[in-house]
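**Student:** Sequence:
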Amino acid sequence: MVKTNSLNLTCLLFFFTLEISFTKSIALNLFIVGLSVIFLMVKKRYFGLAGLFLLPLIPAISTFWSVMVYGSGSDDAWLLFSRTFAFAALGMMFAFGIDLEELLLVLEQKKVSPNFIYGILVVLHAIPDIKQEIRELKNASLLRGKRMTVFSPYLYLKTIFVAFNWRDQYTEAMISRGFDDDGKRMPSITFQTPVMWILISTSLIVIGNSLMILTF
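Going left to right, the sequence shown walks through residues 1 to 216 as our numbering numbers them.
Careful, some of the hints might be misleading.
What the hints assert, rightly or not - For lysine-lysine, the following PhoX-like pairs were computed, each having C-alpha atoms within a straight-line distance of at most 20 Å:
| id | residue 1 | residue 2 |
| --- | --- | --- |
| 1 | Lys3 | Lys110 |
| 2 | Lys158 | Lys146 |
| 3 | Lys3 | Lys111 |
These aren't lab readings, by the way, just hints derived from the structure by calculation.
Given these sequences and hints, build the entire structure.
**Tutor:** See the structure below:
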């Protein structure tokens, strides 16, 4: 049995995403941004911390300026400004705090369709091969005197055709390993969410909603 917080953290982020989408609370948005800063610093994900403030900066300023000039005033402008950073904060926590493969295996044990789970896992594990294939395509193109860039349509078209050819190979590999669409699987690893993480998530939800209620 392995303890994991992947599903619990995903549910927490999903809850806050829905909440800030349908509520108007600058305090809640700032709370989420502050929570993300602490989370990324504890995880020592400084690249994500920089992205938290740099990536949403232009959209946030553009939204703020548009609402101030053509919209309903400063209150909504500051709300949308802070909400843009809050969404970015939730995205950074998901990107740098979740082990996607582990999350998918946890969801499988929660009765999500194995076809869906293992289809995504195949794609995840194929990413290094796809990158290698792209490098080989670029090198082959250079030998013919042509340079491929990220804007070359042929590069993407060729990669798609290669992926289609791999599809049958991956299907045969999964069947040879005993994968059955309708078969009952017995997981080799059982995942369990620590009680401490559940208590922390509940506390964060209570604190965030308390801030939202106090500011109304």
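**Student:** Tell me, in ascending order, the numbers of any earlier hints that this structure violates.
**Tutor:** Violated: none.
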